[in-house]
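J.: Single-letter residue listing:
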Amino acid sequence: MITQAITQTSIYLPQLAELIKVKSIAEREKLFEFKLQDVEELGHKPGQFVEISLFGVGEMPVSVSSSPTRKGSFELAARNAGSVSNALHNLTEGATVGIRGPFGKGFPLESLKGKDILVVAGGIGLFPLRSLINYILDKRDEFGRLIILSGCRTPRERVFVNELGQWQKRQDVELLETVDRGDEEWTGNVGMITTLFSKVTVAPQNTFATVVGPPVMYKFVVAECKKKGLRDEQILLSLERRMKCGVGKCGHCQINGVYVCQEGPVFTYTQIRELKEAT
Amino acid sequence: MENKIIEKHNMASFINKLINSDTKIIGPKRKDGKYAFDKIADASELCLDYDTTLLPPKMYLLPPKETLITFKLEKEYKVEPVMEDKSVILFGVHPHDIKAIEFLDAAFSATNADSNYLCRREKITIIGVDCLNPNPNAFCASLGTAIAETGFDLLLTDIGDSYVVTIGSSKGKGLLREYAETREASQAELAQRDIERQKALANYKVTLKMPPEEIPKLLDKSWDSPVFEEKSEKCLNCGSCVMVCPTCFCFDVQDDVALNLKQGERYRQWDACMLTDFALVAGGANFREDKKSRLRHRMYRKGKYSWERYGKLDCVGCGRCASACLAEIASPAEIFNLLKEENK
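Sequence lines, in order, name chains L and H. Take the first sequence: its letters are residues 1 to 279, numbered as in the working numbering. Take the second sequence: its letters are residues 1 to 344, numbered as in the working numbering.
Hint data in this document are derived by calculation from the structure and do not stem from the laboratory. It is possible that some hints are incorrect.
These stretches of chain L come out as covered by chain H in the derived footprint (C-beta under 8 Å, 3 or more residues) [unchecked claim]:
#, region
1, 11 to 20
2, 253 to 259
Here are the computed lysine to any residue pairs in the SDA-like style, where the Cα-Cα straight-line distance is at most 25 Å [as the list claims (entries may be wrong)]:
#, chain 1, residue 1, chain 2, residue 2
3, L, Lys226, L, Pro215
4, H, Lys72, L, Phe143
5, L, Lys35, H, Lys217
6, L, Lys219, L, Glu185
7, H, Lys292, L, Pro214
8, L, Lys23, L, Glu41
9, L, Lys276, H, Glu214
10, L, Lys71, L, Glu27
11, H, Lys221, H, Glu341
12, H, Lys292, H, Cys250
13, L, Lys276, H, Gln263
14, L, Lys276, H, Asp224
15, H, Lys78, L, Ile20
16, L, Lys139, L, Lys219
17, H, Lys291, L, Pro215
18, H, Lys262, L, Gln15
19, H, Lys78, L, Asp38
20, H, Lys72, L, Pro214
21, H, Lys72, L, Thr9
22, H, Lys292, L, Arg28
23, H, Lys72, L, Gln15
24, L, Lys35, H, Thr182
25, L, Lys219, L, Arg231
26, H, Lys86, L, Thr9
27, H, Lys171, H, Arg183
28, H, Lys262, L, Gly82
29, L, Lys219, L, Gln271
30, H, Lys78, L, Pro204
31, H, Lys217, L, Ser83
32, H, Lys205, H, Gln263
33, L, Lys276, H, Tyr305
34, H, Lys262, L, Pro214
35, H, Lys78, L, Lys226
36, L, Lys105, L, Gln271
37, H, Lys65, L, Gln15
38, H, Lys75, L, Asn86
39, H, Lys75, L, Gly72
C-beta: ideal position from N, C-alpha, C; glycine also.
With the hints as extra help, turn the sequences into a complete structure.
T.: Next comes the structure, spelled out in structure tokens:
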């Protein structure tokens, strides 16, 4: 078979990016800051994802953790869970990776403007939500209340601990945290993330919930949001699937007829309740 | 559409001239008592009266394994796209496989046009041949895929001593002008073509008990049907139904590095939603863990999802899946008919 490299644009060709900073944010999680070689900005919206290439190992989808308001570079946070994320975790500053994207639909910022935002983060669901939170904080007067409910299994698994501390101190952020199981040092809430809902009041007409976490969390959190009086279209959830190509072809991320990489990963609950494979 | 006649005794010369024109000719050849698409080196190898081929001609548009990019892992990284654009004539493609290629064209040119597919597709010429001897598992007549009006450059119909050639494109017309000895088709010959096609339609052994446009609506009502459970119990999770399908196009993407660790490639290869780990994500969640959900997904893709996304059914009724399936559960016609029974 004769193959010929031609310059025509390939949707599978990554841009090169340099790892400019890496730091550990929890036991199995690291935050990576990248700079694209040929363009200044990634041009993403909170909630979108990229495909990162570790050449020779493979490609994986990962949500963008930084806000587009922070210019000049972007951050990806990843748990060491598979072969590509493992290779990513072994990189040191100066390393080159490939980036395709951003892909998918992020949070509908236009609909969120002027509203109260109830952020519900389960575990590393905070990775994509951090992009939204920092976006709101950078454009603070364009949004109403910012309420963050964050939960994880144990205190050791908390991610972005410093930032959680900073958010906690701000007057314009209402942050509540919980862990499923505490330890000797933990003095905060203990219990599932749903237990935090009774501690906050929301104005149902004016609030959007943005929910990201493990699949098991969604149905319980959606029920709590509904109890608060939120309508289905005010509940936004981001779904995780194996988005291998990012461009709506490979089929791996399909939920019923929907390609998560195209129509998602952020959906309204109105959309999701029609998807039998998602509920 | 314009029609010509090629006498059968002139066909070999047409094919051999095409072969000598330095274009790769792919067509159905005999293989261990069956038929398979392969490179044709001489007209005598080409079988135009075949029933079905083991694999569809899809592999010439979407190869089982295809390099997408190459990379050099030197000090300066170098990443380059790879796209293949070599002229190929697919000779002897049945109408249902032509319809399947039209489906792939729609899927790969929809949002985020697939550069690799389209680059290759542009250089492909399709010379079809009417299927007068259908595979016993085929149900093309019920799906309206037994006769193609579009999607080919030339289409041949065997009417005895000669072939009626329907001209589908200017590219096809040019090939005839340059390489074939043709004459005008008479009204009687065109009438004979229609008779042959009608006779073939009567030869399909499997029929759908509903018009094709009813399938998406039927599936709307069938999510919880016990049919999926009953049929999938026997599934061997082998993925053969998908591997032989002319319209399935899902793929996996992997990297390979040379032994010197200095260069490598990223390739895609056919994948199958019927395989157990298709919907597995890092961390261990598998979103289609059981056989039932996988079989149901395949049937919904065939009969509903693609209809909604591309306006076309994702099945052309070729029957290859039913022939390949060791557990005898793969036929969409059988499943759709059972669902129809339930919904009476």
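J.: Determine for every hint whether it applies to the structure shown.
T.: Against the structure, the hints come out as follows:
1. 11 to 20: holds (count 5)
2. 253 to 259: Contact hint for the region 253 to 259 of chain L vs chain H: holds, 4 residues under 8 Å.
3. L:Lys226 <-> L:Pro215: holds, 18 Å
4. H:Lys72 <-> L:Phe143: Status violated; Cα separation ~47 Å.
5. L:Lys35 <-> H:Lys217: violated, 49 Å
6. L:Lys219 <-> L:Glu185: violated, 31 Å
7. H:Lys292 <-> L:Pro214: holds, 24 Å
8. L:Lys23 <-> L:Glu41: holds, 21 Å
9. L:Lys276 <-> H:Glu214: Holds, at roughly 21 Å.
10. L:Lys71 <-> L:Glu27: Violated - the C-alpha atoms of Glu27 (chain L) and Lys71 (chain L) are around 28 Å apart, more than 25 Å.
11. H:Lys221 <-> H:Glu341: This hinted pair holds, its Cα atoms lying about 12 Å apart.
12. H:Lys292 <-> H:Cys250: holds, 19 Å
13. L:Lys276 <-> H:Gln263: Between Lys276 (chain L) and Gln263 (chain H) the Cα gap is close to 44 Å, so the pair fails against 25 Å, i.e. violated.
14. L:Lys276 <-> H:Asp224: holds, 10 Å
15. H:Lys78 <-> L:Ile20: holds, 19 Å
16. L:Lys139 <-> L:Lys219: violated, 31 Å
17. H:Lys291 <-> L:Pro215: holds, 20 Å
18. H:Lys262 <-> L:Gln15: Cα-Cα ~19 Å, so holds.
19. H:Lys78 <-> L:Asp38: It holds: about 13 Å lies between the C-alpha atoms, which stays within 25 Å.
20. H:Lys72 <-> L:Pro214: Not OK: Lys72 (chain H) and Pro214 (chain L) at ~37 Å, beyond 25 Å, violated.
21. H:Lys72 <-> L:Thr9: Status holds; Cα separation ~19 Å.
22. H:Lys292 <-> L:Arg28: At roughly 35 Å apart (the allowed maximum being 25 Å), Arg28 (chain L) and Lys292 (chain H) break the hint.
23. H:Lys72 <-> L:Gln15: holds, 14 Å
24. L:Lys35 <-> H:Thr182: violated, 63 Å
25. L:Lys219 <-> L:Arg231: holds, 14 Å
26. H:Lys86 <-> L:Thr9: holds, 18 Å
27. H:Lys171 <-> H:Arg183: Holds: Lys171 (chain H) and Arg183 (chain H) sit about 18 Å apart, inside 25 Å.
28. H:Lys262 <-> L:Gly82: At roughly 23 Å apart (the allowed maximum being 25 Å), Gly82 (chain L) and Lys262 (chain H) satisfy the hint.
29. L:Lys219 <-> L:Gln271: This hinted pair holds, its Cα atoms lying about 14 Å apart.
30. H:Lys78 <-> L:Pro204: violated, 53 Å
31. H:Lys217 <-> L:Ser83: Violated, because 42 Å separates the two Cα atoms, which is more than 25 Å.
32. H:Lys205 <-> H:Gln263: The hint is violated at about 53 Å.
33. L:Lys276 <-> H:Tyr305: Judged against 25 Å, a Cα distance of about 13 Å means the pair holds.
34. H:Lys262 <-> L:Pro214: violated, 38 Å
35. H:Lys78 <-> L:Lys226: violated, 51 Å
36. L:Lys105 <-> L:Gln271: holds, 13 Å
37. H:Lys65 <-> L:Gln15: Holds, because 23 Å separates the two Cα atoms, which is no more than 25 Å.
38. H:Lys75 <-> L:Asn86: holds, 22 Å
39. H:Lys75 <-> L:Gly72: holds, 24 Å
Of the numbered hints given earlier, the model fails hints 4, 5, 6, 10, 13, 16, 20, 22, 24, 30, 31, 32, 34 and 35; all others are met.
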